[in-house]
Structures are given as C-alpha cells and as structure tokens.
Amino acid sequence: MIGLWPPGANAAELVALKYHRGQSPLLTREWASDAVAAGVLASPVLSADGSTVYVNGRDEQLWALNAADGKPKWSVPLHFLAQTPPAVSPGGLIVSGGGPDTRLAAFRDAGDHAQPLWRRDDINPLSSSSLAGDGVSYTVASGAPGPGAAGLSLLVFDPADGHTINSYPLPQATGYPVGVSVGHDRSVVTATSEGQVYSFAPK
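Per full-length UniProt numbering, the sequence shown starts with residue 1, numbered consecutively.
One should not assume that every hint holds.
To be verified - FRET-style restraints, in silico, Cβ to Cβ: (1) Thr174 - Leu26: 36 to 42 Å; (2) Asp112 - Gly133: 27 to 33 Å; (3) Ser24 - Ala201: 44 to 50 Å.
What the hints assert, rightly or not - Dumping the calculated SDA-like pairs for lysine to any residue here, alpha-carbon to alpha-carbon at most 20 Å: (4) Lys18 - Asp69; (5) Lys73 - Gly99; (6) Lys71 - Ala9; (7) Lys73 - Ile165; (8) Lys73 - Met1; (9) Lys73 - Gly91; (10) Lys18 - Val45; (11) Lys203 - Ile165.
Hints listed in this document are in silico derivations from the structure and should not be mistaken for laboratory results.
C-beta atoms are modelled at their ideal positions from N, C-alpha and C, and glycine is treated no differently.
Working from the sequences, and respecting the hints, build out all of it.
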C-alpha cells in the first residue's frame, strides 16, 4: 500500500497494489481509498495480522482503514501534523509519527475506535518510534537532554505509559533524523540526512 496523488485528485489517496510473481503485469491495483479527504501523509503501516492499515492524514488525524477494501474503521485527532509513519506493536499499541511541532502520543486499537493511552506534550519527536519489545522504545527528539537544550537526542521511553527511561545527546548532529534501527543484540543506530551515523551499544 502506498500514498499516491492521482491526476485531477484534490489530495493524495491510499492505494493497495497486489504483486503477481512471474506474471504480467507484475502489479495490479486492488483498491483506492479517498476516505482521508484531506489526503494521506507518509507511508502506511499494516497491523500484525494484516487486516488494518494505519496512516497519517493531513487533517491532523491518525486513520485506521480496512486493508481488504480501504474503508475507514476509525480516526482519532492528533492535533499535530505527523510527517513520519506511526509505529505499531503486534498487540495493537500505536505510537504516533514525528515531525516538526509534533508530540509523542500513543493509542490502542479497540476495533471500532482508538483508545488514547498517553500523550507527552513536552516531547517533540522528529522520527518514527522504534518499538523494541515490551517496555522500551526509541525515537529521535528535538533538543538534547536538559531544560532548553538545543540539538537532537535519542529518547528512550516506555511505550506502555510514555515515561522517559533515558536520553542520549547526538553530538554535533545536523540535518534531519532519518529513523532509528534496533539490532537483535539490542544495539541502536540512528542517522541524519547530513550523513551522520550514531551507534549505541546495549548495557
């Protein structure tokens, strides 16, 4: 599934494509959904069972759509414009995407609605969060550790309630964070659009 802005459309739509290995054409369109009238933003994310697709709307809402036909299941106001994809756990916990002037917020998919879990108005996440199992998640946030500090930092937080576990500065970081990767050994790597790479070893 991808977000596309079709010719003549007023906004970007969510489009589902099916891959046909060894056939022609290789890709066919399964459905297109304009349920998010203001348009979709950033890549969609599938639930663990593949039944639901989550995507940011330009209307400052997080949307859940049926992966089979693109019909909306629910939407929930974020009150900010998330510009990176949300993070979704196998259990249905959703951490909102990041970007300028965003906040860190989490929801639970309750089937026909989203259940708000917590919100951190003191945190401006700039990247999507990486969920690394029970009790720990990572994101790159605006500001180094400490009140009023500038720069970027790697924020470690508990996705269950949002509390900060730790925060590590990214020295002399410039540009924009492009994501956080977590290895099988729990090492963490993040990078910026300027080509800087930061690696953190597990303790």
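Now for the hints, and whether the structure bears them out:
Here the CB-CB span from Thr174 to Leu26 is close to 40 Å, well matched to the stated 36 to 42 Å. Between Asp112 and Gly133 the Cβ separation comes to about 28 Å, which falls inside the hinted range of 27 to 33 Å. Evaluation of the 44 to 50 Å hint for Ser24 and Ala201 yields a pass: the beta carbon distance comes to about 48 Å. Taking the CA atoms of Lys18 and Asp69, the gap is about 13 Å. The hint holds against a cut of 20 Å.
Between Lys73 and Gly99, the direct Cα distance comes to roughly 25 Å. Violation of the 20 Å bound is thereby established for this hinted pair. Distance check on the hinted pair: Lys71 and Ala9 sit about 18 Å apart at the alpha-carbon level, within 20 Å; holds. Using a Cα cut-off of 20 Å, the hinted pair Lys73 and Ile165 is violated, with the two alpha carbons roughly 33 Å apart. Only pairs whose Cα atoms come within 20 Å are accepted, and Lys73 paired with Met1 is accepted, the gap being roughly 17 Å.
Straight-line distance between C-alpha atoms of Lys73 and Gly91 comes to about 17 Å, which keeps the hinted pair within the 20 Å bound. For the proposed pair Lys18 and Val45, the alpha carbon gap of about 16 Å is at most 20 Å, so the pair holds. Pair hint Lys203 plus Ile165 holds up; C-alpha atoms about 13 Å apart against a cutoff of 20 Å.
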